[in-house]
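*Asks:* Sequence:
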Amino acid sequence: MSFHWDDRKKELEFNYHLLKDRIAEAEEMAGRSRNSVRITAVSKNFPVRDIAILNALGHKTFGENRVQELVAKAEEIERQGLAIDWHMIGTLQTNKVKNVTGQVALIESVDRVRVLNAIERHAKALAVTQDVLIQVNISGEKTKSGFSPAEAEDIMYQADRWPHVRIRGLMTMAPYEQDPVKTRPVFAALRELLEMLRKKTGFEDLNELSMGMTNDYIEAIKEGSTIVRIGSALFGTRTHS
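Quick note: to get the numbering used here, add 573 to the position in the sequence shown (first position is 1).
Treat the hints with caution; some may be incorrect.
[Claimed, not checked] In silico lysine-lysine, BS3-like type, Cα no more than 27 angstroms apart, as pairs: (1) 669 x 717; (2) 671 x 755; (3) 633 x 669; (4) 593 x 795; (5) 697 x 715; (6) 671 x 717; (7) 755 x 593; (8) 772 x 795; (9) 593 x 582; (10) 617 x 669; (11) 671 x 633; (12) 583 x 671; (13) 697 x 755; (14) 593 x 671; (15) 583 x 593; (16) 633 x 646; (17) 671 x 697; (18) 646 x 715; (19) 671 x 617; (20) 617 x 633.
These aren't lab readings, by the way, just hints derived from the structure by calculation.
With these hints in hand, go ahead and build the complete structure from the sequences.
*Replies:* Laid out in structure tokens, this is it:
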């Protein structure tokens, strides 16, 4: 057992430092300052033990796709006394909103007005302000959820409808491409949308771009990503028990 544990610890440490180095190189290539990009470590299907290893290396931000898994892990993490900032990154059903509002640092995947309304309702009841990102379907793929760019613009003009929700920026998922360079137009379009919305609304807090995953995060950084969502480049491609 200890051999397996030591092996896994070394694997995660290697992956983490390699990822940090590659992000730093991408920041430099893009003419950006060091540490301008943050990592949401996508811990879906991986155990709390892995999260604890990365946390011991100084990493605090972890993302989960499913509310039930997030809540269970958060409870275990709290029992262990670890300091974790949780992000909700998966599609959020309105009946599950109450389980994450006020409990996560950021909801990255707000894709419907009904979800915004539910977050507002629960945040108001808790007397908190919940940070969120608006998910935008830049590519227009029918298999992906999210607002259209025009709908996202409408949301920003109506932001005072949700006084207990702080919209921090935008999130998108690019189509999978064998050549990640082909994702650049999608990322560029989201950056341009954010810049336009910030200029038109004057919202100073509107400064986050969550875009880029294991396959395409380098291209996303070149186009201004501030948050990359990384799963397999950190944890590997299989579940460790």
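*Asks:* Determine for every hint whether it applies to the structure shown.
*Replies:* Here is what the structure says about each hint:
| no. | hint | in the structure |
| --- | --- | --- |
| 1 | 669 x 717 | holds (20 angstroms) |
| 2 | 671 x 755 | violated (38 angstroms) |
| 3 | 633 x 669 | holds (24 angstroms) |
| 4 | 593 x 795 | holds (15 angstroms) |
| 5 | 697 x 715 | violated (33 angstroms) |
| 6 | 671 x 717 | holds (24 angstroms) |
| 7 | 755 x 593 | holds (23 angstroms) |
| 8 | 772 x 795 | holds (21 angstroms) |
| 9 | 593 x 582 | holds (17 angstroms) |
| 10 | 617 x 669 | holds (17 angstroms) |
| 11 | 671 x 633 | holds (23 angstroms) |
| 12 | 583 x 671 | violated (37 angstroms) |
| 13 | 697 x 755 | violated (42 angstroms) |
| 14 | 593 x 671 | violated (34 angstroms) |
| 15 | 583 x 593 | holds (15 angstroms) |
| 16 | 633 x 646 | holds (14 angstroms) |
| 17 | 671 x 697 | holds (11 angstroms) |
| 18 | 646 x 715 | violated (32 angstroms) |
| 19 | 671 x 617 | holds (20 angstroms) |
| 20 | 617 x 633 | holds (15 angstroms) |
The structure shown violates the earlier hints numbered 2, 5, 12, 13, 14, 18.
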